[in-house]
Amino acid sequence: MTEVVATNETILVVGGGISGLTAAIEAAETGKQVVLVEKRPYLGGRVTQLYKYFPKLCFPTCGLEINQRRARQNPNITVLTLAEVTDISGDKGNYKATVRISPRYVNDNCTACGDCAKAVEAEFDDEYNYGLSRRKGAYLPYRMAQPSRYVLDPRIIGTPDADKAKAACKVDAIDLDMQPQDLSFPCGAVIWATGWQPYDAARIQPYGYDRFPNVITSVEFERMADPNGPYAGRIVRPSDGREAKKVAFIQCAGSRDRNHLLHCSRICCMASLKQATYVSDAYKDAADVTVYYIDLRAIDRFEDFYNKVRAIPQVKYVKSKPASIVADKDGNPVVHGVDTEGYNRYAERFDLVVLAIGMEPAVPKDGFPVPIVVNREGFIEAAPENGGIFAAGGASDALDVNRAVQHATGAALRAIQVVNSVRGMEV
Amino acid sequence: MGDLNQAMIEKYRTNFLKEVEANVEEGEWVKMCMQCGVCSGSCPLGKFWDHPPQELFMMIRAGKRDEVLSSDSMWMCTSCYNCVVRCPRELPITHIMHGLAHYAKRLGLVPESQPTAAFAQMFWDNLMQKGRVNELKLGLKLYFMNGFGDGIKVALKHQKIGMGMLKTGRMSPMEAFGGHAVKDLKGFQSMIKKAQELEDQRIAEHGA
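Note that the protein sequences, when read in sequence, are chains X and A. Take 1 as the starting number for the first sequence in UniProt numbering and just add one per residue. Take 1 as the starting number for the second sequence in UniProt numbering and just add one per residue.
One chain only, chain X, in its complex shape:
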């Protein structure tokens, strides 16, 4: 059984993505006690699913590894994975949190050897790859997962696969009798860092994401480009696996649209420019990329990156939000619209269309455990009414990793001020 030792000087961090991880580490490194609650079986959140960062085109694994180590080595942090906050009650400086931990069915004897995965036959859509590939019913969520322990999918429990997994384990790490566990503990402040999720592309009806296999989202394309991803880093068409050299990027897929997300998601322009380099790197002169945009938003220092990508001759820009995508008889997506520079009607055939999908806040609007101020876009406002609950990163606004980390550090400081005042009251 997992146990948590906490007081009302403890800071609860909800969400173990880059924002929550940062907030937890920053607070813990000042000596505060932190409980970090993560829904997934591992830390790192959506950053783990990125291939490269913009604007430096470096690999997220690098910084992530440093943060994972900082978290692991700090005795002030208690990490709960597969855990969700089900209730928070009380007031600033004196909350009581309830957390439900789902069973992993694997204890900390696990050496991540992978024998259980070999033994199990059942396969499921791999959520780490946004369903672009399959994984076993016993699995390591991804190769750098922390904690580095396998997970049994609850869908195999009670089937012969579960017994096979247990029989295959040489270190007695599999415990099929694990039960969900509810934990309650006090905390003085809460950092809400539940991040974002990609907007449901199928709801943008004219783009046919649900109808055409060669129309994918930017988050899926990121997995595709990753050499460790479902396509081993090859830029291809999901329909037939052929090379996708002629690629369209459609900006504002869901964002800045009163029918979908009200806000500008801020990251998508840069993400598409970054992803355009994946195509031009892969196919050099044979690459043929078109970015369809309303306006390209390269804020402050990103202007340099924009100019750099702008100089790639294989990348074209069309000022237009496409009206619709249809598939021709060979299954090629054809993008239709009218451009704004000359009002020319176009119908352009592509191998692959990537929708620069918007960021939808992962904040439960109606089911939030305590009263909280949520703005019309669905993000948590920095409001005094929120008491000792502070949003960090993507739960507060559409932010890139850099700004999310800055924001999370700020949230940590606010939480530290609350628990310091608790101590002040006690003295």
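Hints are computed from structural coordinates only; laboratory data are not their basis. It is possible that some hints are incorrect.
For lysine-lysine, the following DSS-like pairs were computed, each having C-alpha atoms within a straight-line distance of at most 27 angstroms [unchecked claim]:
#1 K31(A) / K319(X)
#2 K319(X) / K186(A)
#3 K130(A) / K167(A)
Listed next, the stretches of chain A that the computed footprint assigns to chain X, with coverage defined by at least 3 CB atoms under 8 angstroms from CB atoms of chain X [stated by the list, open to error]:
#4 25 to 37
#5 41 to 51
Here are some chain A residues pointing at chain X (derived, C-beta under 8 angstroms) [said to hold, decoys possible]:
#6 Q54
#7 R89
#8 E90
#9 D150
#10 G151
#11 K167
C-beta atoms are modelled at their ideal positions from N, C-alpha and C, and glycine is treated no differently.
Dock chain A against the given chain X, drawing on the hints supplied.
Okay, now just chain A, sitting in the frame of chain X:
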């Protein structure tokens, strides 16, 4: 009408957008357009427009008064509402198109022999006579809109539909002689007269 046009030119000399906002139905939405182009790309008749809606909005902002008001474009709108449901800013584009057409009509700037405008006038005149549309007369007039020979051709083409309608009692040949009116034709006419007065008054206030 020419006077009204002159008065409006004087009043809004430097700002056609303001003129549209004040005088065109739903015209206050024009400034909300962010020039994404989804409306133009979504229009099923778009390729027949000289200036798609997105371009019209930009032309309004650019003060291209003559080009916009004497344009054929807004008359091409068939009210399919594809643009309205897709517009990311929720502009009532269909209504703005009809508003622009109506305003151009009021100012006497509709292009000669614009068929939609001609049909609209035909429909209105027909309706005013008896308070209801005389479909037989309207249909015949429409057939012969482009001359006698053309009219015969169109009529022959639709002969089968016409005969079917006659047989099932959906159309009476007697309608060609006068046709029947609404119950209270006088009341209908005075209602229209009052509406016209109110409209004239509204225009006079804006136009002054």
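Can the hint on R89(A) be confirmed by a CB-to-CB distance to chain X that is less than 8 angstroms?
-> Holds - the Cβ of R89(A) comes within 8 angstroms of chain X, reaching about 6 angstroms at its closest.
Please verify that hint: D150(A), Cβ, nearest Cβ of chain X, below 8 angstroms or not.
-> 31 angstroms, violated
Do the alpha carbons of K319(X) and K186(A) lie within 27 angstroms of each other, as the hint requires?
-> Violated, because 56 angstroms separates the two Cα atoms, which is more than 27 angstroms.
Is the Cα-Cα distance between K130(A) and K167(A) 27 angstroms or less?
-> 24 angstroms, holds
Is the Cα-Cα distance between K31(A) and K319(X) 27 angstroms or less?
-> Holds: K31(A) and K319(X) sit about 19 angstroms apart, inside 27 angstroms.
Restraint satisfaction for E90(A) [CB to CB of chain X, less than 8 angstroms] = 5 angstroms, holds
Residue hint Q54(A), partner chain X, criterion CB-CB below 8 angstroms = 7 angstroms, holds
For the segment 41 to 51 of chain A, do three or more residues have a beta carbon lying closer than 8 angstroms to a beta carbon of chain X?
-> Per the Cβ count (5), the hint holds.
Closest C-beta approach of K167(A) to chain X relative to 8 angstroms, hint status | With Cβ-Cβ at 42 angstroms, over 8 angstroms, it is violated.
Interface restraint verdict for G151(A) against chain X (beta-carbon cut-off 8 angstroms) | 35 angstroms, violated
Mind checking, does the segment 25 to 37 of chain A have 3 or more residues with a CB under 8 angstroms from chain X?
-> n = 4 at 8 angstroms, threshold three: holds.
In this structure, the hints that do not hold are numbers 2, 9, 10, 11, in rising order.
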